[in-house]
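Start from chain A and add chains B, C and D according to the hints.
4 protein chains.
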Amino acid sequence: MIIVLKPEASKADADAILDRIEATGCKPLYMPGSERVVLGALGDERVLTALQLESDPMVESVTPILSPYKMVSREFHPHDTVVHIGDVPFGSKGFAVIAGPCSIESREQLQQTAETVQAAGAHCLRGGAYKPRSSPYSFQGLGREGLEILGAVSASLGIPTVTEVVDVADLDAIAEHADAFQIGARNMQNYTLLNAVGRTQKPTLLKRGPAATLDELLLAAEYVVSSGNPHVILCERGIKTFERATRNTLDLNAVPYLKQRSHLPVIVDPSHGTGIRGLVAPMAKAAVACGADGVMVEVHVDPTRALSDGHQSLFPSQFDELMRSLLPFVEAAGRTL
Amino acid sequence: MIIVLKPEASKADADAILDRIEATGCKPLYMPGSERVVLGALGDERVLTALQLESDPMVESVTPILSPYKMVSREFHPHDTVVHIGDVPFGSKGFAVIAGPCSIESREQLQQTAETVQAAGAHCLRGGAYKPRSSPYSFQGLGREGLEILGAVSASLGIPTVTEVVDVADLDAIAEHADAFQIGARNMQNYTLLNAVGRTQKPTLLKRGPAATLDELLLAAEYVVSSGNPHVILCERGIKTFERATRNTLDLNAVPYLKQRSHLPVIVDPSHGTGIRGLVAPMAKAAVACGADGVMVEVHVDPTRALSDGHQSLFPSQFDELMRSLLPFVEAAGRTL
Amino acid sequence: MIIVLKPEASKADADAILDRIEATGCKPLYMPGSERVVLGALGDERVLTALQLESDPMVESVTPILSPYKMVSREFHPHDTVVHIGDVPFGSKGFAVIAGPCSIESREQLQQTAETVQAAGAHCLRGGAYKPRSSPYSFQGLGREGLEILGAVSASLGIPTVTEVVDVADLDAIAEHADAFQIGARNMQNYTLLNAVGRTQKPTLLKRGPAATLDELLLAAEYVVSSGNPHVILCERGIKTFERATRNTLDLNAVPYLKQRSHLPVIVDPSHGTGIRGLVAPMAKAAVACGADGVMVEVHVDPTRALSDGHQSLFPSQFDELMRSLLPFVEAAGRTL
Amino acid sequence: MIIVLKPEASKADADAILDRIEATGCKPLYMPGSERVVLGALGDERVLTALQLESDPMVESVTPILSPYKMVSREFHPHDTVVHIGDVPFGSKGFAVIAGPCSIESREQLQQTAETVQAAGAHCLRGGAYKPRSSPYSFQGLGREGLEILGAVSASLGIPTVTEVVDVADLDAIAEHADAFQIGARNMQNYTLLNAVGRTQKPTLLKRGPAATLDELLLAAEYVVSSGNPHVILCERGIKTFERATRNTLDLNAVPYLKQRSHLPVIVDPSHGTGIRGLVAPMAKAAVACGADGVMVEVHVDPTRALSDGHQSLFPSQFDELMRSLLPFVEAAGRTL
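Residue numbers (the working numbering), protein chains in the order written: chain A, 4 to 340; chain B, 4 to 340; chain C, 4 to 340; chain D, 4 to 340.
Isolated chain A, as found in the complex (with noise of 0.2 Å):
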């Protein structure tokens, strides 16, 4: 840890912040410069951290050495995790595609959805039960029947599923209907859900909050972690910008950018990474060819009817078209689809 003192600090000021950093059993250094005072303190930054050295008037500003989360970063942990969703891996050389419709609005529109979308060549059926929405007003998702409806079409088809994990008093219900918790963007940092969620062995995918930095993410998923769960997925799903001719920024850079500094694997939602169902095809392909593994996409059997996200949703011949288009990108990654 770095701490650059104020101009006005005196020895006596110095003296002190150095002798609280040897107290910690951290090594304390004294760097005089010409304009400022810089103290260095090599040791444990977490306890160094403990010492909220920003605090002291003296102190000009404090630089971390060390990133902030530490099991779920590639140093500690060198080799790619690969998480199961039932039995389907991500983080090996598989690219997983997960595809459904954003709500489950009844069990006919699920069973047909998730029947085109496992006929095109999806991994994993998404669908959400309990949906988080801007307005009261707006549908907020079938709840427990949703959930009923999800177990009874992955048992009919044997396909792994994935739903969204809003309040711990459903956490239950759901690990008994599901083969994965998602926490969506809203609740990122909601961390008695991150704690709860972290004391089952379920997969949960993490989705990354749209205004939350990439280090925050991190943050978010050594809470899962360092509750006992390691089964953890991060998804890139678009952050807000000023930009307004998308629903959100897909930030791409986030993934060679997680995979460098994380062993955890890391997928993409073009759908909500856009907002237009016109741009879920290329930004897939994008996610693919800068090293995601995998995607979550919607698709609903018939978008202008949806209840909710429909503009984003493809219809069914779209996907089956972007699984065809996906593949050679695929295969230019040296995976397998």
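A few of these clues could be false.
Copies of the same chain are indistinguishable here, so a pair counts whether it falls within one copy or spans any two.
To be verified - The calculated lysine to any residue pairs, modelled on SDA-like cross-linking and capped at a C-alpha distance of 25 Å, are:
| id | residue 1 | residue 2 |
| --- | --- | --- |
| 1 | Lys9 | Val65 |
| 2 | Lys14 | Leu69 |
| 3 | Lys73 | Thr84 |
| 4 | Lys73 | Pro233 |
| 5 | Lys96 | Val171 |
| 6 | Lys14 | Arg264 |
| 7 | Lys14 | Thr52 |
| 8 | Lys9 | Glu78 |
Derived by calculation from the structure, the hints in this document are not laboratory data. Since this is a predicted model, take the numbers as computed values, not measurements.
For chains B, C and D alone, kept in the frame of chain A given last:
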């Protein structure tokens, strides 16, 4: 609602959509232009929203005419709502000041801080028992013990209190020991929590999420109010932008905008909104000047020893000075402190 | 154009606005709703924009129906435009690679870098003689001497060149020594420069500003094209967001969006778009996959000695590896390298 | 300067960098930690910056200790600089108000607007002759004719003037007819223009770019000052963020931050900073309260007929009311209006 069709849309496409609009009981309008066909739909926009017309492949854009929130809007309720925390009114002629530490660390720390802020003129005491932190390795609050300290300090000084709720399971305990709930920025779109708080009658301070638009903040408030709890105070606390000199960008435009659109009280948190101790006082004054109903300020009896947010916490003498320097601006605004 | 009136607007207010619309020769429409009056105006939107109806105190909002650009739009010109830099086509079946150093530092540095990128398969050479730098104390480029070096290296190797123009006064000299102008991100809305470049017939690579929306980029291109120069190549190079892990957030959504809206070629600069050497190759592949017509990559014969942007410049061996690894993705996209 | 090496860096890698630091005459420091080696370099940071150490593949990060600007910093020049436009001081005890139309449209329009703002108490007149507009089809200003109108109106009323410069070729003409240059937000990093203005002694109002950090604004000012012109006034006018309710997000944090870091006067433009007529007055008051030295406000004799920015321009009566309501806040700030 205004629906612009794509250039390739046929008359039959337009008719199909007009039929769907008419079927809802709304009034359809057909406006053929030279380069695009535009459709109108007059009536209840929430019914129209449910049609999800933007999902239609022949639709280029859908623009609502009315705001998506209702009960929190000034059109629905023209007069200012006054919310009381204990006996302190928010949204009336008085300018309300909430002060206290980021986290409750001990009985002594909270008691001393509370006494000092009360002596300087603060109306309410803040202090967190449950602390959502980006890192699982940071101090997470004293939990239940912290709540009991908060209740005891409040009782000893007769000062009303606000504390953050992060989990529905803690609601009753918090309701017992504190006078108001705070929904933190990270939980602004935790709808489970919003609905649960909405089923109480406890005043609720709702902080804007760091990536939430003002309309999303008003929709989050609509969750609480439409669930039955009208006692909501909105709080601007800074948003995430590219600017790195400050922790957040305090969006004071929000204050007059929210006051014009909504009848709810609006306060400002210049501590999180700047993240820099030396910017808190000028931004508190700016909050008064642009029409805020109050401020919430982090103060610690010794910020250099604070377990969280010490760098942005005022020293007691600085808070005292802030209260003195705030007074002329409060008077200039025609209010009382 | 759709005009929503404020709730307090009277019938007379609406009539006054309808009269102004009619006076322009456009067709006015009156749509009274239950809570708002909506007006329509059908006809040439640029005439309507000149009315500045949003200035009327009785107007709540004005929504245009058509895009504000015309000559650069695909509606106006459905077929892909191919722009040639030297004999290298952009926007055709070939995928074009521009490579070279950020700044021209010496004849030797540019010659060696050019030879190495040409040998690896780059089609065009980049190199800056006039460098806009955030700090007045940073290296500002060799100026005229740099241009002459660029011309000499280009002639010796027969490789076409692109170089940045920052001042109208330099246009002739640059036109003499280089094959294409680059308008840098900081100058994307320098309309003096756009108009001047628009009066030439030189191919112009127009980089998106770090805070420019895609529509603003297209309008900047419209300046050049409407001034008489149709040879414009658009370049996505990253935008400013809250994310600090990367220098910019590369907005690849821009590629399919721009290709769908405009007939102009679109390339990507993954060097500035990431600011991290190790992210350049994956993002170049992503650019191919989402439909870009080319990439521009910073390469330096010895990045550790570069006078600018060395941290994001590839070593020659890395560029060689990039070209090899790009090929399967280019083929997957049905293009040639 | 603090240099953190990558985990794989060897002692020889560190030594090579230490040698490069020593060769500059700066003092190198070697700090081996448990997980990373950290190097320090004490001395002139601009010399160190030229080393471009971040380009070294063994370097993980480089953190400067000192700010990159010098002449504009308060450390370099502790006392407030007062800049005069005509006889109006900026940065002294008086609070300065610049008012006038976005564009000069005619002698009559400017004369009437100028008379009305002067009568209400404005100190300076603004008005654009050269208008940078996003669209080539928007009104671009009257050019030279506009300048002459500005000069004539100024002479007739004895009110000093500010007008925007977009092209070095116009500098002399503008200098002849106006009292101060304005560098607009789109040109904040047009270094050709900054250097040209820096070679004059004319007061220069430098507006922050919509994506410029505060440090970038100070570096832009450093261009002007280091070129020889110390008469720079900084202007916060809003930045681009995800918030769509307002045209820009007015970043008032900038005011105290800039005043603490720099000795230059700082003013605020609430017209562009909000883009909404009804938000201008509250944000002007907030600007006073947080320490701004003045405001610049768009006023038009008839905003409904304005050729640009009418929606954010005040009616004369609104400006009159603003000046009256500003006074108590100016007095609360201990200043005069």
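Cross-check of the supplied hints:
Proximity of Lys9 to Val65 under the C-alpha cut-off of 25 Å is found in both arrangements, the shortest distances being 11 Å within a copy and 20 Å between copies. For a Cα distance limit of 25 Å, the shortest separation of Lys14 from Leu69 across copies, 19 Å, qualifies, whereas the shortest one inside one copy, 27 Å, does not. For the identical chains of this complex, Lys73 and Thr84 are intra-copy neighbours only, at 15 Å inside a copy versus 48 Å across copies, given an alpha-carbon limit of 25 Å. For a Cα distance limit of 25 Å, the shortest separation of Lys73 from Pro233 inside one copy, 13 Å, qualifies, whereas the shortest one across copies, 44 Å, does not.
Proximity of Lys96 to Val171 under the C-alpha cut-off of 25 Å is found in neither arrangement, the shortest distances being 33 Å within a copy and 41 Å between copies. When the C-alpha separation of Lys14 and Arg264 is checked against a cutoff of 25 Å, the pair qualifies only between copies, where the shortest distance is 24 Å, while the shortest distance within a copy is 39 Å. Proximity of Lys14 and Thr52 under a CA criterion of 25 Å is satisfied intra-copy only: 23 Å inside one chain copy versus 28 Å between copies. In the homo-oligomer, the alpha carbons of Lys9 and Glu78 lie at most 25 Å apart only across protomers (11 Å), although the nearest pairing inside one protomer, at 34 Å, exceeds that limit.
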